[in-house]
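A.B. asks: Listed below are the residues making up each chain.
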Amino acid sequence: MTRAAAVVGAGQTVHADRRTDVSVPELAREAARRALEDAGIRARDVDAVVFGSGPESWEGVNRPEGWIGPALGVPGKPILRVHTGGTTGAAATIAAFYHVTSGMFDVVLAVACDKPSERVAGGLPDDEAGAGFTLDTRELAAMQARQYIDRHYPEVREEHGAMVVAKNRGNAAKNPFAQVRTPVAAKDVMASPPVATPLKELDCPPLADGAAALVIADERRARKIASRPAWFAGLGTCSAGAFMPDFDMAYPEPCVRAAQIAYQMAWIYEPLRELDLVEVYDAFSFQELIWTEALGFCNPGEGGKMVEQGITAMDGEFPVNPSGGILSANPGGAGAMLRQLEAALQVMGRAGEHQVPGVKKAMAHSWGGALQFSTVTIFSHRM
Amino acid sequence: MPGKSGIQSGGSQGVGVEGELSIPYRHAAGRHAERFSREMRDNRRIMGVRCSRCEAVLLPPRPYCGFCFEPATEWVEVADEGELVTFTSVQGDPDAAVFEEPRIRALIMLDGAGVHFPHVLGEVAPDDVSEGMRVKAVWSEDRNGTLSDIKYFRPI
Numbered sequence: 001m002t003r004a005a006a007v008v009g010a011g012q013t014v015h016a017d018r019r020t021d022v023s024v025p026e027l028a029r030e031a032a033r034r035a036l037e038d039a040g041i042r043a044r045d046v047d048a049v050v051f052g053s054g055p056e057s058w059e060g061v062n063r064p065e066g067w068i069g070p071a072l073g074v075p076g077k078p079i080l081r082v083h084t085g086g087t088t089g090a091a092a093t094i095a096a097f098y099h100v101t102s103g104m105f106d107v108v109l110a111v112a113c114d115k116p117s118e119r120v121a122g123g124l125p126d127d128e129a130g131a132g133f134t135l136d137t138r139e140l141a142a143m144q145a146r147q148y149i150d151r152h153y154p155e156v157r158e159e160h161g162a163m164v165v166a167k168n169r170g171n172a173a174k175n176p177f178a179q180v181r182t183p184v185a186a187k188d189v190m191a192s193p194p195v196a197t198p199l200k201e202l203d204c205p206p207l208a209d210g211a212a213a214l215v216i217a218d219e220r221r222a223r224k225i226a227s228r229p230a231w232f233a234g235l236g237t238c239s240a241g242a243f244m245p246d247f248d249m250a251y252p253e254p255c256v257r258a259a260q261i262a263y264q265m266a267w268i269y270e271p272l273r274e275l276d277l278v279e280v281y282d283a284f285s286f287q288e289l290i291w292t293e294a295l296g297f298c299n300p301g302e303g304g305k306m307v308e309q310g311i312t313a314m315d316g317e318f319p320v321n322p323s324g325g326i327l328s329a330n331p332g333g334a335g336a337m338l339r340q341l342e343a344a345l346q347v348m349g350r351a352g353e354h355q356v357p358g359v360k361k362a363m364a365h366s367w368g369g370a371l372q373f374s375t376v377t378i379f380s381h382r383m
Numbered sequence: 001m002p003g004k005s006g007i008q009s010g011g012s013q014g015v016g017v018e019g020e021l022s023i024p025y026r027h028a029a030g031r032h033a034e035r036f037s038r039e040m041r042d043n044r045r046i047m048g049v050r051c052s053r054c055e056a057v058l059l060p061p062r063p064y065c066g067f068c069f070e071p072a073t074e075w076v077e078v079a080d081e082g083e084l085v086t087f088t089s090v091q092g093d094p095d096a097a098v099f100e101e102p103r104i105r106a107l108i109m110l111d112g113a114g115v116h117f118p119h120v121l122g123e124v125a126p127d128d129v130s131e132g133m134r135v136k137a138v139w140s141e142d143r144n145g146t147l148s149d150i151k152y153f154r155p156i
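Chains B and E are the protein sequences, given in the same order. Under my numbering, think of the first position of the first sequence as 1, with each following residue one higher. Under my numbering, think of the first position of the second sequence as 1, with each following residue one higher.
Pulled out of the complex, with its shape left as it was, chain E reads as follows:
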């Protein structure tokens, strides 16, 4: 939040150098991310992987467990519903643009998962949200293999 304290320093406005960047990129998604994405898009399924040692079901799926350093190759379908762990009602983006409606960001423990799943809540007012409530995914008809294939989670 620049500009908040109103303090500027240095007195004189220095000579500025301006420019603009456009940065195209193409990343290798990795073996597991590709399947995760395809399952979301084609089958409306959330797929995790199980660590071969600690047996936690990991999201986002990756070929290793970041805690045990062991392979994680067994695919496990995770439910598209679960329990709300925590949430925040966000009033605007970090650059201070205010949203028309507050956006409720949430961490959800999906049934069968070992790691929190981040998403947004819908069909509910911020004041009616509470930790521990059950929520279920509302899928989009127009899916492209990203987390936005789920429009939001609604209370059940």
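So that you can see chain B by itself, here it is in the shape it has in the complex:
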């Protein structure tokens, strides 16, 4: 890294099943304006914009960068659009980080947005050679959960997924931007109808229209803009092939590798002790346990114990998803940026009602594609 960078402002929309009051560009603008206001700067202070969104079919709008750019005050400045499946929003932040640390730009706005309520059903066909070989996300997650439970039973059981949902929905009750804010008990999750075994309806995420935005600045500007910036301390991304030999879904290598890269960069040797919390991409309940293990917070098979003993509760030793996670708000491409946004706000001490006291270092994780993209971002209160 040639120079340091930090998050100095954050904004998000309310994540709702359906936003009938705004178009796609208006939705993105809402988050971007909040991020700029939060940083206390104006659009003209921004040097470049990175925009992340899902496949066009997810906005239902062709070439969204063309419409969204002007809504973000970009004319006259560079804009770059990124898309890497579920990790899209995190990739936008990471691209903004590259912009700043390269020395090319001082202040960069990263925005991610999706409006799946207006998506075009089906989307485009897959690569012809891959057609038929792809699984839908739910099937993939269900098979992943099955493999994970079977390997670690009885240390990990279906009830542990239900405990994750109960915990995260409880946390979301304190997050005014979350999509699903009604608490549920683990027994309600267990009693919900099966969707794709072992996943039940409440093990699966909702789907939201929503956007998120971060203002990222270099050291000099960051110190001027924010009294307590969230400094990027470590960053790891890893991608893998689509049909990998020996791929272990219950302990996915791209996630393990991304974490190792980030820990090395941030000089972290004992993640559980040195970090204060993590926001993981819990698109399905069991994934929170799988990521907790793959990111090195406990040994394989101990994820169940982590949630059962309350270690990952908001007031536990190591909170996981104090915001409520993807299980409580799932705005497509923006979801991965939300993980970073929440981790950054925790470090800045401005997460609101779901603030965990005394956070110095927090991590954000995301996954995308057929489990083939992974990102890990570590924020620190010190540069």
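Just so you know, the hints here were simulated from the structure itself, not pulled from any lab data. Do not rely on the hints blindly, as some may be mistaken.
[Stated by the list, open to error] Listing some non-contacts, in silico: residues in chain B with all C-beta distances to chain E over 10 Å:
#, residue
1, Arg3
2, Pro25
3, Arg33
4, Glu37
5, Ile41
6, Gly66
7, Thr134
8, Ala142
9, Ala166
10, Lys174
11, Phe243
12, Phe247
13, Tyr269
14, Glu270
15, Ile311
16, Lys360
[What the hints assert, rightly or not] Distance windows between CB atoms, simulated:
#, chain 1, residue 1, chain 2, residue 2, range
17, E, Arg45, B, Gly103, 55 to 65 Å
18, B, Leu272, E, Val138, 42 to 52 Å
19, B, Arg63, E, Pro24, 17 to 27 Å
20, E, Asp142, B, Leu272, 48 to 58 Å
21, B, Glu253, E, Pro71, 19 to 29 Å
22, B, Asn62, E, Asn144, 41 to 51 Å
23, E, Asn144, B, Gly122, 18 to 28 Å
24, B, Gln309, E, Asp142, 51 to 61 Å
25, B, Val184, E, Gly92, 14 to 24 Å
26, B, Ala173, E, Ser52, 50 to 60 Å
[As the list claims (entries may be wrong)] Just some of the chain B residues that point at chain E, by a computed CB distance under 10 Å:
#, residue
27, Leu124
28, Leu140
29, Thr197
30, Leu199
31, Ala226
32, Ser227
33, Ala240
Every residue, glycine too, gets a C-beta built ideally from N, C-alpha and C.
Dock chain E against chain B, hints included.
C.D. replies: Showing chain E alone in chain B's frame:
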């Protein structure tokens, strides 16, 4: 799953713009996909390719190994039976339409392959399925060169 939380936002129903799309397309399948398809249809054979470096037998076949970036040109016949890696009993499609019978989706490690093969199971109840069981393809009489040339895999 839109509509799940029941939360809508924005108060007033905005002005909507409606339309309909019909999108014809024709893709080049690529050199290897063509042979894979023909072998399934004409010979009831599942063909993979071997990477010239890591020697993994890859499915679906393609002229390169996505891990080594090396050519994969040696064709290898893979068995139409193998071991069940993992599975899920799917109750309905993602838009909430419920199937009459649950559909058992499966990842199978075919004998001789290095990559999981996705398909469905038949002639078995979800409760009787377990990881590691042996399964074999039941081929369709009416084949068109897609994965549905295999009707399903059944336990053996």
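A.B. asks: All hints are to be evaluated individually against the structure, with a verdict given for each.
C.D. replies: Checked hints:
no., hint, in the structure
1, Arg3, "33 Å, holds"
2, Pro25, "14 Å, holds"
3, Arg33, "16 Å, holds"
4, Glu37, "20 Å, holds"
5, Ile41, "27 Å, holds"
6, Gly66, "17 Å, holds"
7, Thr134, "8 Å, violated"
8, Ala142, "4 Å, violated"
9, Ala166, "16 Å, holds"
10, Lys174, "16 Å, holds"
11, Phe243, "5 Å, violated"
12, Phe247, "7 Å, violated"
13, Tyr269, "29 Å, holds"
14, Glu270, "31 Å, holds"
15, Ile311, "28 Å, holds"
16, Lys360, "33 Å, holds"
17, E:Arg45 with B:Gly103: 55 to 65 Å, "56 Å, holds"
18, B:Leu272 with E:Val138: 42 to 52 Å, "49 Å, holds"
19, B:Arg63 with E:Pro24: 17 to 27 Å, "21 Å, holds"
20, E:Asp142 with B:Leu272: 48 to 58 Å, "56 Å, holds"
21, B:Glu253 with E:Pro71: 19 to 29 Å, "24 Å, holds"
22, B:Asn62 with E:Asn144: 41 to 51 Å, "32 Å, violated"
23, E:Asn144 with B:Gly122: 18 to 28 Å, "20 Å, holds"
24, B:Gln309 with E:Asp142: 51 to 61 Å, "55 Å, holds"
25, B:Val184 with E:Gly92: 14 to 24 Å, "21 Å, holds"
26, B:Ala173 with E:Ser52: 50 to 60 Å, "56 Å, holds"
27, Leu124, "8 Å, holds"
28, Leu140, "9 Å, holds"
29, Thr197, "4 Å, holds"
30, Leu199, "8 Å, holds"
31, Ala226, "29 Å, violated"
32, Ser227, "32 Å, violated"
33, Ala240, "8 Å, holds"
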